[in-house]
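These protein sequence lines map, in sequence, to chains A and B.
Here the first sequence stands for residues 1 to 445, where the numbers follow the numbering used here.
Here the second sequence stands for residues 1 to 445, where the numbers follow the numbering used here.
Read the hints as simulated data drawn from the structure, not as lab findings.
Since this is a predicted model, take the numbers as computed values, not measurements.
A hint or two may mislead.
Where chains are identical, the list cannot tell them apart; a pair therefore holds if satisfied intra-copy or between any two copies.
[To be verified] SDA-like, lysine to any residue: derived pairs with alpha carbons at most 25 Å apart:
| # | residue 1 | residue 2 |
| --- | --- | --- |
| 1 | K2 | L91 |
| 2 | K197 | T329 |
| 3 | K197 | L303 |
| 4 | K343 | R298 |
| 5 | K430 | S374 |
| 6 | K197 | T151 |
| 7 | K117 | D106 |
| 8 | K197 | G319 |
| 9 | K197 | R298 |
| 10 | K233 | I273 |
| 11 | K117 | P105 |
| 12 | K430 | G406 |
There are 2 protein chains.
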Amino acid sequence: MKTVLVLGAGRSASVLINYLLSQAAKRQWKVIVGDLEPELARQKLGGSSYGEAIAFNIADIPASARVIAGSDVVVSLLPPHLHVAVARLCLDHGRHLITASYVSPDMRRLHRQAIEKNVLLLNECGLDPGIDHMSAMEVIHRIQQEGGRVTSFESFTGGLIAPDTDPENPWRYKFTWNPRNVVTAGQGTARYLEAGKVRFIPYTQLFRRVTPVHVPGYGHYEGYANRDSLQYKEAYGLNSVHTLLRGTLRSPGFCAAWHVLVQLGVCDDSYTINCEGLSHCDFIELFLPYDARPAEERLAAWLDLPLQGPEMQRLRWSGFFSSEPIGLTQGTPAQITEHILNKRWALRPEDKDMIVMWHRFGVEKNGVQSEIQSSLAVTGTDSVHTAMAKTVGLPLGIATRLLLEGQIKTRGVAIPVQAELYHPILNDLKTHGIAFHETAKPYGQ
Amino acid sequence: MKTVLVLGAGRSASVLINYLLSQAAKRQWKVIVGDLEPELARQKLGGSSYGEAIAFNIADIPASARVIAGSDVVVSLLPPHLHVAVARLCLDHGRHLITASYVSPDMRRLHRQAIEKNVLLLNECGLDPGIDHMSAMEVIHRIQQEGGRVTSFESFTGGLIAPDTDPENPWRYKFTWNPRNVVTAGQGTARYLEAGKVRFIPYTQLFRRVTPVHVPGYGHYEGYANRDSLQYKEAYGLNSVHTLLRGTLRSPGFCAAWHVLVQLGVCDDSYTINCEGLSHCDFIELFLPYDARPAEERLAAWLDLPLQGPEMQRLRWSGFFSSEPIGLTQGTPAQITEHILNKRWALRPEDKDMIVMWHRFGVEKNGVQSEIQSSLAVTGTDSVHTAMAKTVGLPLGIATRLLLEGQIKTRGVAIPVQAELYHPILNDLKTHGIAFHETAKPYGQ
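Extracted from the complex, chain A is given alone in its bound form (with noise of 0.2 Å):
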C-alpha cells in the first residue's frame, strides 16, 4: 500500500486532501495529514477510511523523519521557509517531495543529491508558480515543434472574485491571499523586457503602466508587472524572445484607484504612525497639503482626478473618507491601510473567488508573425472550495498521483517544465473544469 504524507492542514489543503482520499478509495493509498494542530487534520480529512490523521511538527526531527520514513511522496503545504528541513529527511530516507512554493536558493543546492539518491524535489507546481509554467510551456513547446519561434511572452495571473460576487465592489476584488503582500505589492522596481532591451518600472509609475487584457467570455482585465520578468527567458528556453512581461492581473480601473494609494504614500512599511483615535479619514490627511477644504475634495484637486470619477469612487466605497474609527493604536501606513480595506475586503463564507490566467504568445514561422493567446477562468464553488485551493491543490495532488504510478522519471530539484509533467497534470485538470481556451491570429489584428 502506498503512503502520501499532506504536511500542513491549512485553508489551502482541503481540495488537495479531497482529491488524494478520492484516488486513494481506488488505488487503496493510505493518506497521512500532519499538522501542528492534529484536530484540524482531522477535520480537513473528514473521517474517511483511508485517512490518518497525526500531530506534525517539523522541529521535532526524530519524529518527523519517522513519519517522512514511512511514506512514499511527501507534499509540503507548510510555510516555504520549513521546505528545505522537510527535504533534507526526504534525502535521508529516499522519499519524493513535492511543493507549490518558488525554489528558493537552499532547494537548489540539493539537486545533485537528490540526483544521486533517485528522489524528485518538484516545486512551483501550484497555481502561480505552477499552472502557469505548465500551461505556457505546453504552447511554446508546440510552437518550436511546429518550427515556430516564440519572439514575445507576456503572462498575467489574478486571485479576483467572481462576477456575481459582491456586485457593488467597484474594484471587483476583495483579499483572496496574504493581505499584506496585495498592500505592498510592486515596491522597488520592476524589470522586464521590451523590444529587445532590459527595462525598468518604478514603483511610482507601476499601476499606471497596464497591459490591457481580453479574456474570452469573461470580459476585460488589466495587468501590471510583477518584479523580475527577465529570470522566465532562462526557465522557459525562451532565447529568442524580444518582450517577455509577467505580472498581476486585475479587474479594469483597480489600477488606477490603487495608484492614488501608492501616490498618497499609504502603501509604504517602512514607518509607524501613531494612529490612536485618529479616522479612516483623518489617517488620509496626515498625506496631503493641508486647508480648509474636506480631505476628498483636497486629494481629488491635488490629484488631478475627477471628484466623481472612477478612481474617488473606489476609495470612497473603501471607506477612506469615513469618520469611522480605524481600531488600531499603531501601525505602518501599509498595515493601517490593509486593516482599513479589509473591513470590506475581507472575504465572507458566501463570497466565490475567481482565478484568471492569460498568456500572448508572439510567434515567427517561415517570416510570417503571428499571435496566439491562452486564457484560464476558474471560479471558486464556496468560500472553503475556493478557486485558490483548487488551482493549487489539484496540480499538487496530480503529480503526487503520477509519482506514485510511477509515470514520472525526472529526478533532482525540479519544476514542472517538462512535458512528461506537464502533459498529464494539464490534461487531469481538464476532468475537473480547469482547462485553457486558445486563440490564435495573424500578428496585429
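Starting from the known structure of chain A, fit chain B onto it as the hints suggest.
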C-alpha cells in the same frame, strides 16, 4: 601662546584657515593644520609664520593624542564618523573641540564626561547646521523676551549658484556639495507639523509640494521639506508651534523638473544597471513605455508635460536626450544620473556659488498675530573662497576665537543655540558681510 589645531585641509578649510591666521597675527596664536597629506595643509597655510603643517592620521592614536594634547582648541573638518575618536582624545587631554557636523548618538554620550572635564564639545557650528540654529534662535529668543509666542516656524537653506554664474543654466544650480546626496535627496518620507498635526510627504510627492519663498533683493525661490522637521521642536524649545517645516531651497522650477526625474525612477540607488555603450537618451529610454516616437516626445506625453515647457527644457539642457555616450560601464540609476548631470553641473573655476537661507516665524503677542521673515544671501568670491566655505568656515573660526579668549562658559556636548554663542558669532559674521535681513508684518499680509 595659544595653539589651534585644524584637522583636515580639504576644500572647505581655506576660509577657516585664513580667518585663524589673520587672528593669529593679532594675538600671537599658532595655527597647526593636520591632514593625511601634509603638503595640502602646507598649501592652505600659504607660508604664514603663524602656521605649521603636519601629517595627521586619527588611526595613529598615540601621535594624534600628542598633537591634541599640545593644542588649546581643536577644529575637526574630518569626515563626520571620525569626530568621536577626536572627541575622546580631547576629553583625555582636557581640550575643546568644534565641528560643523550633526551631533551623533556616540557624541551625545560624551556629554557628562565633557562637563566633568570642563571641556566644550561644540557641534553643528557651520552653515546648516550652524548659522541656521544661531539666526533662528536669535529671533525666537527676542520674540519670547518681548512677551510673544512663536506659533509657526519654517526654514529653508540652499546652496545655489550666483545670478551671474552660468546665466544660461535654467536650473540655476550646480553641484556645490556632495553630488550623490543631491541626486538621492528626499528618498524616504518627510515628516513635518502643519495645523497642529504631524504630516507625511512620500518621496513621490516631495518635489510637488513646494513652499514659495521670496528673499528681498534676491528674488523668488521654492523650498521642499527635509526628512524630519519635528526634531527642531525640542532643539529650539518651540513648544507652542502648530507649524514646523525645515527644508531645502531651490530656484523656481527646479523642483518641478526634478519631480520628472523622480517619476522616471532615475534617482533610484538600490540596483545596478549595465550601461556600457548606452547614450544619455538610451538611459532615459529604459524607463519609458516603448513606442516609435523619440524618447523626448514620449516622456513629455507620458507625464503630460508641454514639449517646450520648463521641465522638458531643463532636462534637454542637461543633455538627457543626447546621443552622447554615458561613459560608465555600470552603475545604479542614481549614479548614472549623477554622472550625466555632472557634465553640466560641475563647478568651473570661474563659477561663484551662492548660499540662501530663509526663516519665517509666526508670532502671537497679546492676541495679535504677526509674521517675521529673516533671510541671508552670501555669494562666493571665487571657486576657492566659495560662499559654502565662508559660511561653514567663519562660524567655526569665530567660535574658536571666542573660546580661546575665554568668552564661552558653556561646557559639555552643545550646539550653538545659546545667546553666549550665537550673539558674538552672528555679530562677527556681519563684519564679514554675512548678515540677515529681517522684515516684520501683520499676519497674512
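Against the structure, the hints come out as follows:
1. K2 <-> L91: within (18 Å within a copy, 77 Å between copies)
2. K197 <-> T329: The answer is between: 16 Å across copies meets 25 Å, while 47 Å in one copy does not.
3. K197 <-> L303: between (32 Å within a copy, 22 Å between copies)
4. K343 <-> R298: Classified as within: same-chain Cα gap 24 Å, cross-chain 40 Å, threshold 25 Å.
5. K430 <-> S374: Classified as within: same-chain Cα gap 14 Å, cross-chain 76 Å, threshold 25 Å.
6. K197 <-> T151: within (13 Å within a copy, 55 Å between copies)
7. K117 <-> D106: within (17 Å within a copy, 55 Å between copies)
8. K197 <-> G319: between (42 Å within a copy, 22 Å between copies)
9. K197 <-> R298: between (40 Å within a copy, 17 Å between copies)
10. K233 <-> I273: between (42 Å within a copy, 18 Å between copies)
11. K117 <-> P105: Within one copy only: 20 Å inside a chain, 56 Å across chains, cut-off 25 Å.
12. K430 <-> G406: Cα proximity of K430 and G406: one copy only (21 Å, versus 91 Å across).
Of the numbered hints listed earlier, not one is contradicted by the structure.
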